[in-house]
Amino acid sequence: MRRPPGIMKWASSLILLLASVVHATSPKQPHIIFVLADDLGWNDVGFHGSGQIPTPNIDALAYSGLLLDRYYVTPICTPSRSALMTGKYPIHTGMQHGVLKGAEPRGLPLHEKLLPEYLRELGYSTHIVGKWHLGFYKKEYTPTYRGFDSHTGYWTGHHDYFDHTAVENPYWGLDMRRGMKPAWDLHGQYSTDVFTKEAVRLIEGHNSSRPMFLYLAHAAVHSGNPYNPLPAPDEEVAKFNNIFDYNRRRFAGMLSKLDQSVGQVVKALQEKEMLRNSVIIFSTDNGGPAAGFNLNAASNWPLRGVKNTLWEGGVRGTGLIWSPKLVRPGRVSRQMFHITDWLPTLITAAGGDPSNLTIDGMDLWHALSEDTESPRASVLHNIDDIYDVSAITVGDWKLIQGIYIN
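The sequence shown maps to residues -24 to -1, 1 to 382 in mature numbering (1 follows the signal peptide of the UniProt record, and there is no 0).
Quick caveat, the hints were computed from the structure, so don't treat them as lab data.
In this text the structure is predicted, and so the values were computed from the model without any measurement.
It is possible that some hints are incorrect.
As the list claims (entries may be wrong) - Okay, derived cross-link-like pairs now, PhoX-like style, lysine-lysine, Cα gap no bigger than 20 Å in a straight line:
#1 Lys243 - Lys173
#2 Lys173 - Lys77
#3 Lys64 - Lys4
#4 Lys157 - Lys114
#5 Lys115 - Lys157
#6 Lys248 - Lys215
#7 Lys89 - Lys114
#8 Lys173 - Lys157
#9 Lys77 - Lys4
#10 Lys115 - Lys89
#11 Lys374 - Lys4
#12 Lys4 - Lys248
#13 Lys243 - Lys301
#14 Lys64 - Lys89
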């Protein structure tokens, strides 16, 4: 299959760069870079065997790090983000019933302590770039009141990648901000580029003697507003004329920009001499909206189901971790891992002790790094008493009750 010019050359360069620092460990607290893709499907990345849309930068991290083969997320945006931030199943925070709408007077409960708050106590600077989607009906629910030092991005679930408006009929309005202030000056700039530039700016300006937590929550590859559901620069889409399906071709342009973003962030870390002491996570928030669902064109093949279902295609996520601190990198981990596990796992990586936390997540740092036995043997995917659906995985078995998709 013909690939866009320069893809393989750049992929080889990044793999060599990452491999060169794999054994350069440091006793210092690592910088933690968490890149969260939105609505990325299982079959949308090269490291899962797809050759249709090259993702060389993401693949390079997977091949020289740790590819998470049994990684579970929740079936939709808000619950996954709440699970990541709290280390708790959404049923324990009241966030299990779907996504937050812009006009809803609720959010992730204020009594919940979030990941950036734990890391701040360990001496980290904390930044979020991109999507929040955990509530904003009072200012206390917004990112800079929940443990983050800064936020450039948006509060709702989706927006247009160029004009940055959020549409929820019959209302719409600008949703691009710096902290609490609307960022009118970013109108017309592509969201993926905006977030990448801000992430690079934060890295370049960081005092690297202090550990950094950067949560880069991209809009990509979530669909945009109904009048432009698959927004991508025309020159990017033109690279994929070999893809027959028009929507999939536009999706490829969006994904290509996301992959480039990952490469630019890694390059910035290297140039700042922070890469050799970093932990980088790449994750999706849920399974991909395939076959036109949500006006999108993701692919979860060969998994059954799509976003907002409890089948594997809705909850088995694309995920990886890369770090020189991994004792046994360059392999596929088939240990069960849930998105709630990131909070205690990263606290341990940062030098903290999560053992006394009352959460659902499990500390898997040593299990992942050293390829030892994992304490996780089951995942509760959800219990939703409103839609009357639930699912649990225990070992190699899975039980699903009911089904929802809307």
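Status of each hint after checking the structure:
With a CA separation close to 12 Å, the supplied pair Lys243 and Lys173 stays within the 20 Å bound. Distance hint between Lys173 and Lys77 is unfulfilled; the C-alpha atoms sit about 28 Å from each other, more than 20 Å. With a CA separation close to 28 Å, the supplied pair Lys64 and Lys4 exceeds the 20 Å bound. Restraint check: the Cα-Cα separation between Lys157 and Lys114 comes to about 14 Å, which is no more than 20 Å; the hinted pair holds.
At roughly 12 Å between alpha-carbon atoms, Lys115 and Lys157 fall within 20 Å of each other, so this suggested pair holds. Taking the CA atoms of Lys248 and Lys215, the gap is near 31 Å; set against the 20 Å cutoff, the hint is violated. Of the supplied pair hints, the one linking Lys89 and Lys114 holds, its CA atoms being roughly 17 Å apart against a limit of 20 Å. The suggested pairing of Lys173 with Lys157 holds, with an alpha-carbon distance near 19 Å, which does not exceed 20 Å.
Taking the CA atoms of Lys77 and Lys4, the gap is near 41 Å; set against the 20 Å cutoff, the hint is violated. Restraint check: the Cα-Cα separation between Lys115 and Lys89 comes to about 16 Å, which is no more than 20 Å; the hinted pair holds. About 41 Å separates the Cα atoms of Lys374 and Lys4, which puts this hinted pair outside 20 Å; it is violated. With a CA separation close to 16 Å, the supplied pair Lys4 and Lys248 stays within the 20 Å bound.
The suggested pairing of Lys243 with Lys301 holds, with an alpha-carbon distance near 19 Å, which does not exceed 20 Å. Using a Cα cut-off of 20 Å, the hinted pair Lys64 and Lys89 holds, with the two alpha carbons roughly 11 Å apart.
In the structure shown, a violation is registered for the earlier hints numbered 2, 3, 6, 9 and 11, in ascending order.
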